[in-house]
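Engineer: Each chain, letter by letter, is given below.
Number of protein chains: 2
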Amino acid sequence: MSLTVVGSVAFDAIETPFGKTDKIIGGAGTYISLSASYFEKKTNIISVVGDDFPQEYLNMLNSHSIDTKGIQIKKGEKTFFWSGKYHSNMNVRDTITTELNSLATFNPEVPDQYQDTKYLMLGNLTPVIQRQVVERIKKRPKLVVMDTMNFWMDTMLDELKKTIKLVDVLSINDEEAQQLSGKHSLVKAARVISEMGPKFVIIKKGAHGALLFGEGKMFSAPALPLEFVFDPTGAGDTFAGGFIGYLAKTDDISFNNMKNAVIAGSVMASFNVEKFGTERIQELNEKIINQRVEKFVDLVSFDMKHPF
Amino acid sequence: MSLTVVGSVAFDAIETPFGKTDKIIGGAGTYISLSASYFEKKTNIISVVGDDFPQEYLNMLNSHSIDTKGIQIKKGEKTFFWSGKYHSNMNVRDTITTELNSLATFNPEVPDQYQDTKYLMLGNLTPVIQRQVVERIKKRPKLVVMDTMNFWMDTMLDELKKTIKLVDVLSINDEEAQQLSGKHSLVKAARVISEMGPKFVIIKKGAHGALLFGEGKMFSAPALPLEFVFDPTGAGDTFAGGFIGYLAKTDDISFNNMKNAVIAGSVMASFNVEKFGTERIQELNEKIINQRVEKFVDLVSFDMKHPF
Chain A
1 MSLTVVGSVA
11 FDAIETPFGK
21 TDKIIGGAGT
31 YISLSASYFE
41 KKTNIISVVG
51 DDFPQEYLNM
61 LNSHSIDTKG
71 IQIKKGEKTF
81 FWSGKYHSNM
91 NVRDTITTEL
101 NSLATFNPEV
111 PDQYQDTKYL
121 MLGNLTPVIQ
131 RQVVERIKKR
141 PKLVVMDTMN
151 FWMDTMLDEL
161 KKTIKLVDVL
171 SINDEEAQQL
181 SGKHSLVKAA
191 RVISEMGPKF
201 VIIKKGAHGA
211 LLFGEGKMFS
221 APALPLEFVF
231 DPTGAGDTFA
241 GGFIGYLAKT
251 DDISFNNMKN
261 AVIAGSVMAS
271 FNVEKFGTER
281 IQELNEKIIN
291 QRVEKFVDLV
301 SFDMKHPF
Chain B
1 MSLTVVGSVA
11 FDAIETPFGK
21 TDKIIGGAGT
31 YISLSASYFE
41 KKTNIISVVG
51 DDFPQEYLNM
61 LNSHSIDTKG
71 IQIKKGEKTF
81 FWSGKYHSNM
91 NVRDTITTEL
101 NSLATFNPEV
111 PDQYQDTKYL
121 MLGNLTPVIQ
131 RQVVERIKKR
141 PKLVVMDTMN
151 FWMDTMLDEL
161 KKTIKLVDVL
171 SINDEEAQQL
181 SGKHSLVKAA
191 RVISEMGPKF
201 VIIKKGAHGA
211 LLFGEGKMFS
221 APALPLEFVF
231 DPTGAGDTFA
241 GGFIGYLAKT
251 DDISFNNMKN
261 AVIAGSVMAS
271 FNVEKFGTER
281 IQELNEKIIN
291 QRVEKFVDLV
301 SFDMKHPF
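In order, the protein sequence lines correspond to chains A and B. For what it's worth, my numbering labels the leading residue of the first sequence as 1, then goes sequentially. For what it's worth, my numbering labels the leading residue of the second sequence as 1, then goes sequentially.
If a hint is listed, it holds; no wrong ones were tucked in.
The list that follows gives simulated cross-link-like pairs (lysine-lysine, BS3-like), each with its CA atoms no further than 25 Å apart: (1) K287/A to K305/B; (2) K118/B to K42/B; (3) K295/B to K205/A; (4) K217/A to K142/A; (5) K162/A to K142/A; (6) K305/A to K118/B; (7) K188/B to K85/A; (8) K205/B to K217/A; (9) K275/B to K20/B; (10) K69/B to K41/B; (11) K199/A to K295/B.
In short, the hints are calculated from the structure, not lab data.
Next comes chain A alone, as it looks inside the complex:
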């Protein structure tokens, strides 16, 4: 199979109660493609950076067999930069800096080699760019998955809805699902969002796991309860990468297999928070991932017959 990811490739500077980083590689596209690359060996990325972006970061992505031909390098421009600071409970963060730089004028180009992509992941970006990518891939992929955030609901809801209409799966967090649908109940929210276009809706609940809705069915995936969350940056993107990477690897988009894909996403997100930035998801291997999958199976398994 093949998978194409569109999303930001960025510099992040992160401060948590446990320490702070210099500018390190970040961005939704980076987290998604790294996470997906463990499952799908033909992962492509479409993005943009400035000429300040180090070749070693591109080499790192390539070493995970991620094709970076779709990353435009803009001469004389700088790479998107974000910095943020987490508070003691890790649930709240302040954005300190957002410098769009080369992302401000991003006009996504789809290399010819990516045209036959079967799985397309629209990482969090302006919905206009997300839609351009869908339109510029001539043959409709087998599955289009979209992640987004409240910022686009606040600033360009109409554009957002136009893009949502085009996708098969929308991945969104619980508060965003409530905002987008106007419904407090997540069951109702998923139904309203589904009426906007997507056949499947994933509602991410952070430390409380994720819900998958589709075909009139519901699946609840746990999050692994952790002793220590070092840095939550990119957890939602890493989740999305594990989800679509698993689907691309198994090439089965039934509801039953999407449940497994949600677990794969949750597994990858549980690793991501263990170290700063992408550090942890750069260093995984198949054995470690298998072991973590077993932990998730143990965590939710019970063998209850009818009580009566």
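Mind docking chain B on chain A? Use the hints.
Structural biologist: Okay, now just chain B, sitting in the frame of chain A:
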């Protein structure tokens, strides 16, 4: 087997965005024993009411084969009364009235017939009364489960810790677990609480389900995502009743069976919120409960092999 529950039997007046009630039967002891009674046919309750408490409510409990000999009826006194109002998102409630009345001087008595109880459930009450019941049952029950709340942490932490030391299982919500342990991570919180005495710790997360910790293992139970929460009053007590009722019925206190008991508790809590007060958990039957158990099994089942 046999099960004894200690907890308040009360009048509640509840207001939610969907309506309001007159004084109806409430109290932790009521919710717990009703919920447990579907599983354990020998359920006893120890409590106190005033002589304003209608015989028809006692008859209702008896009709669920709950033994009410342990409910003291105080002449010339009134029954504990609580009234509260829920806000639109149902997560926040204001207490409008708390009249302790006969509960203020409650001196729990254990009828002789309850002395051989195998399962003891300490519903939320002052930790002093909870401890008195443990001490007044001469033969140690097979399992003692305790529910409590932040109010006792704020007002009598030392007494609370003395009682916690005596029990096998502590059931508590997530914020309370964090307060009691001083730890933000629920994994760490459960470990700290376990060091206070209980071999097993249940952390209730409301609409996000519950976690069970013990024997170095962890289990995550989902909550059923609901379209409609009519009245959350008593959901935690109903959970506790389903949990201990299932254990008493199956008489198996292994970690594996406790996982099933947590599901049984979650199932009962999912019913409880569908109507005002105890209305829904008065009218259940074994077939309806079996069907809801199936929904929980469906909700979390996935069949993922090692991805690699």
